[in-house]
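Student: Knowing the structure of chain W, use the given hints to seat chains H and A on it.
Chains as they are written, first to last, in our numbering: chain W, 1 to 332; chain H, 333 to 664; chain A, 665 to 996.
In short, the hints are calculated from the structure, not lab data. Just to be clear, a hint being listed does not mean it is correct.
Unchecked claim - Cβ pair distances, simulated, as ranges: (1) W:82 to A:875: 38 to 48 Å; (2) W:332 to H:523: 43 to 53 Å; (3) W:33 to H:408: 36 to 46 Å; (4) H:357 to A:899: 52 to 62 Å; (5) H:377 to A:842: 56 to 66 Å; (6) A:944 to W:33: 50 to 60 Å; (7) H:363 to A:683: 21 to 31 Å; (8) H:363 to W:192: 43 to 53 Å; (9) H:408 to W:225: 25 to 35 Å; (10) H:363 to W:29: 18 to 28 Å.
All C-beta atoms in this analysis are idealised placements derived from N, C-alpha and C, irrespective of residue type, glycine included.
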Amino acid sequence: MKKFFSVADVDNLSTIVKEALALKAAPNAHRKLGEHKMLGLVFLNPSLRTRLSTQKAAINLGMDVMVMNMDKDGWALETRDGVVMDGTTVEHIREAAAVMGEYCDVLGLRSFPGLKDRKEDYSEDLFNKFSTYCKKPLVSLESATRHPLQSLTDLITILEHTPSTSKEVDGKFSTVTAKPKVVLTWAPHVKALPQAVPNSFSEWMCKAQEQGLLDFTITHPEGYELDEHFTNGATITTNQNEALKNADFVYVKNWSSYQEYGKILVTGREWMPTPEKLKVTNHAKVMHCLPVRRDLELSSALLDGPDSLVIQEAGNRVWAAQVVLKRILENL
Amino acid sequence: MKKFFSVADVDNLSTIVKEALALKAAPNAHRKLGEHKMLGLVFLNPSLRTRLSTQKAAINLGMDVMVMNMDKDGWALETRDGVVMDGTTVEHIREAAAVMGEYCDVLGLRSFPGLKDRKEDYSEDLFNKFSTYCKKPLVSLESATRHPLQSLTDLITILEHTPSTSKEVDGKFSTVTAKPKVVLTWAPHVKALPQAVPNSFSEWMCKAQEQGLLDFTITHPEGYELDEHFTNGATITTNQNEALKNADFVYVKNWSSYQEYGKILVTGREWMPTPEKLKVTNHAKVMHCLPVRRDLELSSALLDGPDSLVIQEAGNRVWAAQVVLKRILENL
Amino acid sequence: MKKFFSVADVDNLSTIVKEALALKAAPNAHRKLGEHKMLGLVFLNPSLRTRLSTQKAAINLGMDVMVMNMDKDGWALETRDGVVMDGTTVEHIREAAAVMGEYCDVLGLRSFPGLKDRKEDYSEDLFNKFSTYCKKPLVSLESATRHPLQSLTDLITILEHTPSTSKEVDGKFSTVTAKPKVVLTWAPHVKALPQAVPNSFSEWMCKAQEQGLLDFTITHPEGYELDEHFTNGATITTNQNEALKNADFVYVKNWSSYQEYGKILVTGREWMPTPEKLKVTNHAKVMHCLPVRRDLELSSALLDGPDSLVIQEAGNRVWAAQVVLKRILENL
Numbered sequence: 001m002k003k004f005f006s007v008a009d010v011d012n013l014s015t016i017v018k019e020a021l022a023l024k025a026a027p028n029a030h031r032k033l034g035e036h037k038m039l040g041l042v043f044l045n046p047s048l049r050t051r052l053s054t055q056k057a058a059i060n061l062g063m064d065v066m067v068m069n070m071d072k073d074g075w076a077l078e079t080r081d082g083v084v085m086d087g088t089t090v091e092h093i094r095e096a097a098a099v100m101g102e103y104c105d106v107l108g109l110r111s112f113p114g115l116k117d118r119k120e121d122y123s124e125d126l127f128n129k130f131s132t133y134c135k136k137p138l139v140s141l142e143s144a145t146r147h148p149l150q151s152l153t154d155l156i157t158i159l160e161h162t163p164s165t166s167k168e169v170d171g172k173f174s175t176v177t178a179k180p181k182v183v184l185t186w187a188p189h190v191k192a193l194p195q196a197v198p199n200s201f202s203e204w205m206c207k208a209q210e211q212g213l214l215d216f217t218i219t220h221p222e223g224y225e226l227d228e229h230f231t232n233g234a235t236i237t238t239n240q241n242e243a244l245k246n247a248d249f250v251y252v253k254n255w256s257s258y259q260e261y262g263k264i265l266v267t268g269r270e271w272m273p274t275p276e277k278l279k280v281t282n283h284a285k286v287m288h289c290l291p292v293r294r295d296l297e298l299s300s301a302l303l304d305g306p307d308s309l310v311i312q313e314a315g316n317r318v319w320a321a322q323v324v325l326k327r328i329l330e331n332l
Numbered sequence: 333m334k335k336f337f338s339v340a341d342v343d344n345l346s347t348i349v350k351e352a353l354a355l356k357a358a359p360n361a362h363r364k365l366g367e368h369k370m371l372g373l374v375f376l377n378p379s380l381r382t383r384l385s386t387q388k389a390a391i392n393l394g395m396d397v398m399v400m401n402m403d404k405d406g407w408a409l410e411t412r413d414g415v416v417m418d419g420t421t422v423e424h425i426r427e428a429a430a431v432m433g434e435y436c437d438v439l440g441l442r443s444f445p446g447l448k449d450r451k452e453d454y455s456e457d458l459f460n461k462f463s464t465y466c467k468k469p470l471v472s473l474e475s476a477t478r479h480p481l482q483s484l485t486d487l488i489t490i491l492e493h494t495p496s497t498s499k500e501v502d503g504k505f506s507t508v509t510a511k512p513k514v515v516l517t518w519a520p521h522v523k524a525l526p527q528a529v530p531n532s533f534s535e536w537m538c539k540a541q542e543q544g545l546l547d548f549t550i551t552h553p554e555g556y557e558l559d560e561h562f563t564n565g566a567t568i569t570t571n572q573n574e575a576l577k578n579a580d581f582v583y584v585k586n587w588s589s590y591q592e593y594g595k596i597l598v599t600g601r602e603w604m605p606t607p608e609k610l611k612v613t614n615h616a617k618v619m620h621c622l623p624v625r626r627d628l629e630l631s632s633a634l635l636d637g638p639d640s641l642v643i644q645e646a647g648n649r650v651w652a653a654q655v656v657l658k659r660i661l662e663n664l
Numbered sequence: 665m666k667k668f669f670s671v672a673d674v675d676n677l678s679t680i681v682k683e684a685l686a687l688k689a690a691p692n693a694h695r696k697l698g699e700h701k702m703l704g705l706v707f708l709n710p711s712l713r714t715r716l717s718t719q720k721a722a723i724n725l726g727m728d729v730m731v732m733n734m735d736k737d738g739w740a741l742e743t744r745d746g747v748v749m750d751g752t753t754v755e756h757i758r759e760a761a762a763v764m765g766e767y768c769d770v771l772g773l774r775s776f777p778g779l780k781d782r783k784e785d786y787s788e789d790l791f792n793k794f795s796t797y798c799k800k801p802l803v804s805l806e807s808a809t810r811h812p813l814q815s816l817t818d819l820i821t822i823l824e825h826t827p828s829t830s831k832e833v834d835g836k837f838s839t840v841t842a843k844p845k846v847v848l849t850w851a852p853h854v855k856a857l858p859q860a861v862p863n864s865f866s867e868w869m870c871k872a873q874e875q876g877l878l879d880f881t882i883t884h885p886e887g888y889e890l891d892e893h894f895t896n897g898a899t900i901t902t903n904q905n906e907a908l909k910n911a912d913f914v915y916v917k918n919w920s921s922y923q924e925y926g927k928i929l930v931t932g933r934e935w936m937p938t939p940e941k942l943k944v945t946n947h948a949k950v951m952h953c954l955p956v957r958r959d960l961e962l963s964s965a966l967l968d969g970p971d972s973l974v975i976q977e978a979g980n981r982v983w984a985a986q987v988v989l990k991r992i993l994e995n996l
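The shape of chain W in the complex, shown without the other chains (with noise of 0.2 Å):
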């Protein structure tokens, strides 16, 4: 692997979820690979989990790390080439990411969309020129429209709750695993949020889709259409209950509209995921990629109760960067 950006930079998912599991399995078995080699972790904006998972996972793999906080340090950086820097940009992102990649073997880069220009959001042009002036493998701590180590995390989660079975074909027992229904719902939030993290679940899990894993499901109320380039393949409709029907796992999250870009257009609760309306599923399991706004995205009481999987989920983080900095290393 040389870069991490989207679901594209992973060929087999099934492969990539069991090497996930086998080092949480064994968390120190490669703390040789690692050895003498420095992962950078940059942040232009806030982050919990993205942080602490990722630099475990680089130190359970040996790595040493040194995490920039760009946003606090007063650096804002310039990304427009061919303008006389004569305003409050300090340093241009050619020789801030060159920089970094002197002194890094690996790059991790955290770059949330301004939510104002959709047309240069979804350009990703901070992150592709940061991974072009850096000259090393990067990894995204997600970008304007995608949170890549999130949605693979979620898809270890999915896969390790999803129940094997023994079954006798011919005479010879086998073990199948039933194709679970994963179900993307958004869900209500006081602040405008990016799409990346409901765009970047929406690749993966069609690709899983694709690849014979799971059933998808997109459902959201009207105006809240994702980008068609991340839905292809998946069921998409505005009501909730029929596309909770028989779900395994549902998948709950903000996001504002991506038609009206950055646009509130639907308040008050209505869309909370409750135990009440996750009735007509399978005893679906709950997630959330957090934080979590309590009883305004998803009630307390399915936070709370015995199918949410939002921490197990969380702690899975480790894996996802783990199996992404181990690979990176191995073809460095």
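Tutor: Same frame as chain W, now just chains H and A:
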């Protein structure tokens, strides 16, 4: 040891001090103990000594350390249950603590009191909830009402500087340690400070007095009485001069009123310890937890004089943290 | 080496450059040297290159590193003696430095000048006091008047890129290194910047000139004369074109006036180096300490052109820091 929140988490004080001083003599003797163990330090408030000394202690034990500054990263935590999170808090402590517990083997938490609602502060709700939800051993890096790593440090420093003498009894020589007189005195400040340090110092000194290690006196202006829960057995007086007589150690600290909660009742520098005031002591050693306001809380002449222990005291923070982490690691 | 504050802390410049380049060739050859040694990096101002390169250098030597951002943590230090600390400063440098000295074997300190009071800035009071009170070897990570790790880096980069030729003398072949012409030129900026980088570069180049390693010229507009203390032996001219003639290395940097202290006297981009201006040079290599304001301080055409050394120069920061730390560790 399963957590470190108050003096109640330590049984024999003399034993833990001896263990800490053994670590001071051989800091790297236990580098294998913490191998592949992750310490997460969570700061909801600023820190210098606690941050650095605890990191160093963990590294001495071979642990890996991740630091999370949650005040800086704009990550306001919700602690109340049953509220709809449609305001400014972005994550509930239930999730935040549980997630950090997924990534770490041991956690440390700093959280200052608001100094507005005494009942809330003294309930130690935040620390207790974090401890419950993280499901890992939790070390207080100063909570609303206590600063136990500081108090353990102070006890180490006092016993380290208490002279032992050789004495003949019935023809046999044995080492006898004098029982020192320790005095905690209130001192002026321009800001309203928590009671955490004096509460904690007092409960540690009271227990040390019970175990026959020292005699303990508290002196402060009227209205600055500490919660009785922390001062059981101490001699308490509002006569500073009387308290200082024959003192071997003078521990200087400001705090805001517990009765008129969070208020400053006394201004002016009348209560500031000076060389003149300390003439009635037994050449007392001077202690302060730092940071100290020079010539407001404590005179420069004392801070820079030969009887000041403040720097050695700060240095001993490492051994207090290290003995606590060592005991926790031994019980994982 | 006991501290690293200025060129006076290094005897033979050629020797230290060779030692640094040996570290570049084998970064991990001394991993045992720093084992169980703690480096504390204290930043009173922002940092990217210095922070990352010094961390990496320390890790290459096997040291542990703790970073303390004192600007961020709201920890305003008092440096004056004899004042009653009843204002906004929360801790005196006497205690802060001494405490950090308790936790670390080697310290680094960054502190920019205020650019208001020249006498105060040029006294280097803060650095000197920190050095005195911490009682440990102290490395300047840029002080009020100097940035020695940058200057050592610059010298390494210049000598690394100075061609050697084989020459026959009396029938024997020997390696001869040409003496390059190094030019420091002032360049425009929109903010008033310290003189630390040009002061420091100048004192290192003047000493290198004394030791026969290069020829050194400074050019700047009238009113931008540096303190003579730093420019001893340099050719100084206000004619930029004259200065650039036959230059092998052009070092571009803005600074505010030393005479009219901290003021910007020249605006406009007339002094900005461009390919056109550099036609009179000997295909000069272009250097800048970064961050650089593109097309204000230095033209993009030069920055992105084949003669730019700015990224390699930034990369060399690691070896400058590593050779300094190595020499300090060898003398602990």
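Student: All hints, please: hold or fail.
Tutor: The hints, checked one at a time:
In this structure the hint that residue 82 of chain W and residue 875 of chain A lie 38 to 48 Å apart at CB holds, the actual value being about 43 Å. Distance hint for residue 332 of chain W and residue 523 of chain H: a CB-CB separation of about 52 Å, consistent with the stated range 43 to 53 Å. In this structure the supplied range 36 to 46 Å holds for residue 33 of chain W paired with residue 408 of chain H, their Cβ-Cβ distance being about 38 Å. The beta-carbon spacing between residue 357 of chain H and residue 899 of chain A, approximately 59 Å, falls within the hinted interval of 52 to 62 Å.
A beta carbon spacing of about 58 Å between residue 377 of chain H and residue 842 of chain A agrees with the range 56 to 66 Å that was offered as a hint. Distance hint for residue 944 of chain A and residue 33 of chain W: a CB-CB separation of about 52 Å, consistent with the stated range 50 to 60 Å. Taking the beta carbon of each, residue 363 of chain H and residue 683 of chain A are about 30 Å apart, inside 21 to 31 Å as hinted. Checked against the given bound of 43 to 53 Å, the beta carbons of residue 363 of chain H and residue 192 of chain W, roughly 49 Å apart, stay inside it.
As the Cβ distance of residue 408 of chain H to residue 225 of chain W is approximately 32 Å, the hint placing it in 25 to 35 Å holds. A beta carbon spacing of about 21 Å between residue 363 of chain H and residue 29 of chain W agrees with the range 18 to 28 Å that was offered as a hint.
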